[in-house]
Amino acid sequence: MAARVLGWLAALALVAGLVAAFGYAPREAVQGNVQRIMYLHVPAVLTAYLAFGLVFLGSLGYLLTRRPGWDRLALAAAEPGVLFTGITIASGSIWGKPTWGTWWTWDARLTSTAVLFLVYVGYLLLRGMVDEPDRRARAAAVVGILGAANIPIVHFSVKWWRALHQPATILGPESSPIATPIALALFTNWIAFTLLFAYLLAKRMQIARLEDMHAG
Amino acid sequence: MPDNWSYVFSAYGLAAVVLLGYWRRLAGRAKSLAARGARRAA
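Taken in order, these protein sequences are the chains called A and B. Going by numbering that gives the first Met the number 0, the first sequence opens with residue 0, and the numbers climb by one from there. Going by numbering that gives the first Met the number 0, the second sequence opens with residue 0, and the numbers climb by one from there.
No lab work stands behind these hints: they were computed from the structure. Everything numeric in this text was worked out from a predicted model, so none of it was measured. Certain hints may be false.
Unchecked claim - Simulated DEER-style distance windows between Cβ atoms:
| id | chain 1 | residue 1 | chain 2 | residue 2 | range |
| --- | --- | --- | --- | --- | --- |
| 1 | A | Trp7 | B | Val17 | 28 to 34 Å |
| 2 | B | Gly27 | A | Thr101 | 37 to 43 Å |
| 3 | B | Phe8 | A | Leu117 | 23 to 29 Å |
| 4 | A | Thr64 | B | Gly27 | 51 to 57 Å |
| 5 | A | Arg137 | B | Pro1 | 49 to 55 Å |
| 6 | A | Leu11 | B | Gly20 | 33 to 39 Å |
| 7 | A | Pro176 | B | Ser5 | 27 to 33 Å |
| 8 | B | Gly20 | A | Val14 | 53 to 59 Å |
| 9 | B | Ser9 | A | Arg65 | 42 to 48 Å |
| 10 | B | Ser5 | A | Asp133 | 47 to 53 Å |
| 11 | B | Trp22 | A | Leu163 | 40 to 46 Å |
| 12 | B | Gly12 | A | Trp103 | 18 to 24 Å |
| 13 | A | Met128 | B | Gly20 | 36 to 42 Å |
| 14 | B | Gly27 | A | Thr98 | 34 to 40 Å |
To be verified - The list that follows gives simulated cross-link-like pairs (lysine to aspartate or glutamate, EDC-like), each with its CA atoms no further than 20 Å apart:
| id | chain 1 | residue 1 | chain 2 | residue 2 |
| --- | --- | --- | --- | --- |
| 15 | B | Lys30 | A | Asp133 |
| 16 | A | Lys158 | A | Asp106 |
| 17 | A | Lys96 | B | Asp2 |
| 18 | A | Lys96 | A | Asp106 |
| 19 | A | Lys158 | A | Glu210 |
| 20 | B | Lys30 | A | Glu210 |
In this text, a Cβ means the ideal position worked out from N, Cα and C, and glycines have one as well.
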């Protein structure tokens, strides 16, 4: 029931996000309309950070308590986290071609995001390789905790190394220089992606609980 | 700078395909597990 409500809220918020991105936000003065990819790219990476933060929490919770619910939380957050990271990389690459003139470059932000993606793909592969539930959960928890160390590296990479990618304009140390309509459209899409993630998380946790019941 | 709408629609289209695909996969999995549970109960 809660998942269904979340699903409808997410659907409504996504429609609002699209209206904000394409109807409300103005055409950006320098990049033109291609800048509208930002309303997808930035919320996707922020949602991935949230997802992998929950993988960290679930992993830590499992190692401390050995309760399967924590492991289910970690698994349920990891799958959408990988999808949102994949969307971040793909949308960034598509945005990069007309603005930077290349689909990909080994810039610190891009490379660290690719590493983040591969770590959590590895996390999911590892889960598929171990049959015994406690061993699987313990091994996955170790990767889930170590993998989270990459999140601050991704976020601060543009500050720590010389990068082609622009520095953080939100979640950065200085106040955001973004114009209000652009910031509002971005915020609407951020909320929409967070609701969508919450829905996918709830749904995946339900499935994981059923899978555990059938396995046990 | 030209508007490059094709890039914009490609990015949003790709994201929509990925997320809808995952949602459908979850819905299918939930359905098959529920059917398995019902078969066991019967």
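(request) May I ask which of the numbered hints given earlier this structure violates, with the numbers listed in increasing order? (result) Failing hints, ascending: 1, 4, 6, 8, 11, 13, 15, 19.
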